[in-house]
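Go ahead and model the full structure; you've got the sequences and the hints to work with.
First to last, the sequence lines map onto chains R and W.
Position 716 (the first sequence) corresponds to 716 in the numbering used here; numbering is contiguous.
Position 43 (the second sequence) corresponds to 43 in the numbering used here; numbering is contiguous.
Worth flagging that the hints you see were computed from the coordinates, not collected in a lab.
Here a beta-carbon is modelled for each residue, glycine too, at the ideal position from N, C-alpha and C.
Hints are supplied without guarantee of correctness; some may be wrong.
Result set (DSBU-like, lysine-lysine): computed pairs, CA atoms no more than 35 angstroms apart in a straight line [unchecked claim]:
#1 K229/R with K271/R
#2 K41/W with K17/R
#3 K41/W with K271/R
#4 K54/W with K17/R
#5 K54/W with K41/W
#6 K41/W with K91/R
#7 K241/R with K461/R
#8 K743/R with K41/W
#9 K271/R with K82/R
Non-contacting residues of chain W with respect to chain R, defined by C-beta distances greater than 10 angstroms in every case (computed) [claimed, not checked]:
#10 A15
#11 L20
#12 K54
#13 E144
#14 A244
#15 Q245
#16 G246
#17 L247
Residues from chain R that face chain W, not an exhaustive set, calculated with beta carbons under 10 angstroms [claimed, not checked]:
#18 L282
#19 F661
#20 V677
#21 N680
#22 P741
#23 E742
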Amino acid sequence: MIRFDSLSEARPDSIDKVTGRAVYATDLDIPGMLHGHVVRSTAVHARIRALDVGAARAAPGVVDVLCGADVASLGCWGLVLKDRPILALDKVRYVGEPIAVVIADSAEAAENAAELVEVDYAALPRVPDSKAALAPGAALVHESHSPLEDFYFRGGARPIDGTNVFHRFLSEVGDVAAAEAAAAHVHEDHFSFPPVFHYALEPHTAIADFREDGLTIWSGAQSPAGVQKVVSRLFGLPLAKVRIVVPYVGGGFGGKASVKIEPLVAAASWKVRRPVRIAQSLSDSMLTCRRLGARITIRTAVDREGLILAKSADIVLDGGAYADTGSAVATKAANRIIGPYVIPNLRLEARAVYTNTVPGAAFRSIGGPQAVWAAECHMDNVAAAIGLSPVEFRLRNLAARGQRIRPDLRPLDMDMGELMGLVRQAMGAASAATGPDARGLALAASDPGIVAIGNALVRLKIDGSVLVAMASVEIGQGVHATMARIAAETLNQPFGSVTVLPTDTGTAPFDWGTGASRSTVIVGASVEAAALDAATQMLDLAAEALAQDRTALALVPGGIATPQGFRSFHEVFHLAYGVDSGEVIGRGALNPRSRGGALREAPLFWETAAGMAEIDVDEDTGAIRLRRYASAADVGRVINRVSAEGQDEGASVQGLGHTLFEALEFEDGQPVNASPVDYNIPTLDDVPDDFHTILVEHHDGPGPGGAKGMGEGAILPIAPAIANALFARYGVRVNDLPLTPEKVWRALRARS
Amino acid sequence: MLPAPFQLARPTELAEAIRLAAATEDSHFHAGGTELLMAMKLRLLRPELLVDLKRIAGLDRIAWAEDASVVIGALATHRQVEQDVIVRRHLPALAALCANVANVRVRSAGTLGGNLCFAEPHADPPTLLAALGARLRLVGPDGEREVAADAFILGEFETAREPAEIMTHITVPVPRGPVAYRRFRHGERPAVNAAVAWTMAADGVTIERARIVVGALGSRPQDVGLLERLLAGRRAGEAAEAVAQGLTDAVGEIEAMDDRHGGADYKRHLAGVLITRNIAEAAAQINGATP
Ligand SMILES: Cc1cc2nc3c(=O)[nH]c(=O)nc-3n(C[C@H](O)[C@H](O)[C@H](O)COP(=O)(O)OP(=O)(O)OC[C@H]3O[C@@H](n4cnc5c(N)ncnc54)[C@H](O)[C@@H]3O)c2cc1C
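Spelled out as structure tokens, the structure:
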């Protein structure tokens, strides 16, 4: 291991960011660039009777207006279902749906002219929420379904014809009915989870430049390959002619995963044949995507000893007006509701339904927070019903390392009991202020790490500097610095000698995307393999050039250690090629066939989290204050401690948002608080000083040095941990998030 | 999220600002812009002309006046009020209030006058200023006048100010007794707030006059007259008990809106909680002061 001085070890992106030099999509100015402003539907569900853009087109500074009719021939796009037009044509399905783009010399001119667009709507019956979506005779948000298979994820959506259900997942193990009949206790609960906004500080922004010889898009996208694939199909362009460039991204959390505004921006540029930029406001982004809300019925059967015999869950997810990746959210919710427990009989059903609201999307641990909210509150309810403590009930049912929680999922690669012990230990004795019972625990095991296809190139230069090309997006999590570190360690070169190229599909080999806690493992392993390949080539070249035994050589900073002493890379290249020039190019790739197929089974690794909360409640107002919190995760190996802890803490605090504050509200389909003025997220004041982050390292993951993925686990347990503390100390159970003071006050009042 | 086109005037004289505003049908004064620009960006407001008041000298001055009052320029920002030595010394409750309004960016730009003139119901200063008996100075085309703080806000986004009148300063008499202010919020703005100010008799323990004002929960700050009457002439030590007896009836009379900040019954209950806590704090101030 090499020692670095602290400055050269700092994340290069952090220096750009604190000095204000970091470039985001919104900072770019492409020569000849125009500005687009999106005209959005104000109707919940309606036919468009007429669209008049004449006045807008004639307004000062306006170059053109893109309408649904312009792009109708391009057809629909989607990731799991082809359900989405570039612009609404005959009908609108939610308030906020794009119906036109005014393209002008300046953003001001475009926005001013956008007000002149006139739309005549004929209202249709609304589907405001998931209950309405499933009601008999419900209006249909989409009249028919066109599912895609293996297009973005493995598998596809399983819609039900003639209904609003765009995906149904069912997993049955054993015989739940028989187990329930034989059980000592059967307990059922109902929970709900609100739609919430990602609240990345950078709203969706993209620039597209459509030319004769191809299309370039600059976008803060998490899945450049997904964007590339979708626009290449829409516009009939070869993949090699579509270049996606991703500058720094101001947060994504899944809200910039798959494909968002890029087809629209590309279509605008396609129409005017000039670069077009669309920079959304935060309010626009709140009308672009959000987490799927959920209604969950969960039932557990236990025997006399408190062993779980069966669990069943019926999960209904509100997918909004377009599917995006909502089918995967539903399937994952069903997987993630199992928990780290041994349960012989399971019946897990999840349905994702269309509603006339903002489209659902991936969000940090898709389906996880919804599922774990229900599962872990329910665990405490069952424990209370049978007279066991929450800890004892969990201990009796925990699955051990190596056990499978469902036959089709990889055996657990961690010890949940260890994590549970660590959070309890970190919290120590309860503080006198809150009393002994004001604590709640929650555990989670989730299945990330999808699509094990990754690629990387590592180029070692004659002067020992290194270039890494790969497609993981630097979204604030520090992935570029992580890749640099992996390359530096593998090549035994200083961290500061490695440069990671900005994300650009024109230079980076294919990667599926930045999400699902997969980058460090899948792309990291590809970088490691590429660096090893470069090292091998370099050592082979040196052995030949220096006429040395290959096994006597080793890479050292700037060159090669030989039995005769240090030889610089310069010297080796000079000797080998007769000139002081050249480089070696290492290639690394990972796919489901790698490592003898060992990566094929899902999940690639388990993402784990244990959380323990201590709260106090102002009983007069109902306000909950989180006093102390501990979070533990088994991450295999920590590569960058500051970033890793930041990911875990950030996930917890983001989860504190949906626990206490957040819900994107709709009233009969109308957004109520889709603006940063009315939508509240936690601030530093809400985070307790006493906050423990425990990262367990057993070096047993599939990533470099035994790393597992992380960053999505800690968002899972915080809501149920806080609700369980409320239940334990105050005897009230609030079943729907967020736990606002008013709800808690009403629950406390109903109790007395 | 850009405002519709508008004209901007930046006069340096008060009279000029008034003249400009009076001459244009749809004009607005601009102070910190924290409310105004947001409403303009959302295109809820489309003024033809903005008259910026920040270049008029002296409008943000904070000074001590001979009649034992503090005169706060309407253009003083929350942050100036929070950090001003005179305010801290004589009106600590107001300094503390301003220190907790919004976030540091809004506090650094937003002004006390702008807060009052905008009359967004979920606001803090109007409640406390009403309880303190503050007077607001307005200067317009027809001359100057003074309006009591508790008569200024008429309803949601509605005040006694005429369109071309400028609020120049806020005069706050230094209280002759304990003052307590509390608010409850879940999110950025207060859902309910309450202020208590007692004027003590010469003996130092008898409440000569009590002001109890609640705000944010209705369309404008409201006196809780029933409790004010109950407290007048009572000893500070008996205040808590007296208020406890009248509280249910008193909060029942409060006008409260059902909105995103909570149901009306919840907000009335919260008003009672805040009043009770304020009374305890006020009484403690007296106890602390008397040997
Ligand atoms: C995010 C956020 C959080 C907030 N939280 C709180 C809170 O917790 N509690 C609270 O009380 N307030 C809160 N506020 C409101 C804040 O106090 C006001 O935005 C601020 O004080 C307004 O002052 P300004 O100078 O920016 O007014 P401007 O926006 O400049 O003006 C507001 C209105 O008043 C008029 N006006 C301004 N000054 C004068 C004058 N001298 N004479 C005549 N008319 C005038 C303008 O024409 C305009 O109509 C919050 C605001 C924001 C944006």
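- prompt: Between K229/R and K271/R, is the straight-line Cα distance small enough, at 35 angstroms or below?
  reply: 20 angstroms, holds
Hint validity - P741/R Cβ closer than 10 angstroms to any chain W Cβ: At about 5 angstroms, which falls below the 10 angstroms cut-off, the nearest Cβ of chain W leaves the hint on P741/R intact, so it holds.
message: Using Cβ atoms and 10 angstroms as the threshold, tell me whether Q245/W really stays out of contact range of chain R.
response: 18 angstroms, holds
Straight-line alpha-carbon gap K41/W to K17/R, limit 35 angstroms: Holds: K41/W and K17/R sit about 27 angstroms apart, inside 35 angstroms.
Chain R versus A15/W - minimum CB to CB distance exceeding 10 angstroms, so not interface: Holds, because the least Cβ-Cβ distance between A15/W and chain R comes to about 33 angstroms, which exceeds 10 angstroms.
task: Under 10 angstroms, Cβ to Cβ, is where E742/R needs to be relative to chain W, so tell me if that hint holds or is violated.
output: 5 angstroms, holds
- request: Measure nothing beyond the straight line between the CA atoms of K271/R and K82/R; if it is 35 angstroms or shorter, mark the hint as holding.
  value: Status holds; Cα separation ~22 angstroms.
- prompt: Regarding the hint that F661/R lies at the interface with chain W, is the smallest CB-CB distance below 10 angstroms?
  reply: 7 angstroms, holds
task: For the pair we were handed, K54/W and K17/R, check the Cα-Cα distance against 35 angstroms.
output: 33 angstroms, holds
- request: Take a quick look at E144/W and tell me if its Cβ sits farther than 10 angstroms from every Cβ on chain R, holds or violated.
  value: Since the minimum Cβ distance to chain R is about 35 angstroms, E144/W lies beyond 10 angstroms and the statement holds.
field: K241/R paired with K461/R [C-alpha distance capped at 35 angstroms]
entry: 29 angstroms, holds
K54/W remote from chain R - nearest C-beta pair above 10 angstroms: 24 angstroms, holds
Figure legend: structure checked against the earlier numbered hints; every hint is met.
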